Amino acid sequence: MECKLLHEEDASGDARKLYDEISAVYGMVPNFFKAQAAIDTSGLARTGNGHNTQC
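When the letters of the sequence shown are read in order and numbered with my numbering, they come out as residues 1 to 55.
Keep in mind the hints are simulated off the structure, nothing from the lab.
Treat the hints loosely; a few may be bogus.
Pairwise CB distance ranges (calculated) [claimed, not checked]:
1. C3 - S42: 16 to 22 Å
2. E2 - A24: 27 to 33 Å
3. E2 - V25: 15 to 21 Å
4. D20 - D40: 24 to 30 Å
Source: prediction; values computed, not measured.
Glycine included, every Cβ here is placed at the ideal spot set by N, Cα and C.
Given these sequences and hints, build the entire structure.
What follows is the structure, encoded as C-alpha cells:
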C-alpha cells in the first residue's frame, strides 16, 4: 500500500495556510501532516490546531 503525501509545493488554500503554521512551529512540515492532508484537509485542520502557537 502506497502512502500518498500532499507536498508543500502542491498545497493550496486551507492546506497551504495550515502548512505555513505547522512550518512556523517545526521549521518544516513533517510527513505525518502531509499524509493527513492527502486524506482529509479538515482532519489536518483539527490536528494542526493543536500545534498553533497563537492558541
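Here is how each hint holds up against the structure:
no.: 1; hint: C3 - S42: 16 to 22 Å; in the structure: holds (19 Å)
no.: 2; hint: E2 - A24: 27 to 33 Å; in the structure: holds (29 Å)
no.: 3; hint: E2 - V25: 15 to 21 Å; in the structure: violated (28 Å)
no.: 4; hint: D20 - D40: 24 to 30 Å; in the structure: violated (19 Å)
The structure shown violates the earlier hints numbered 3 and 4.
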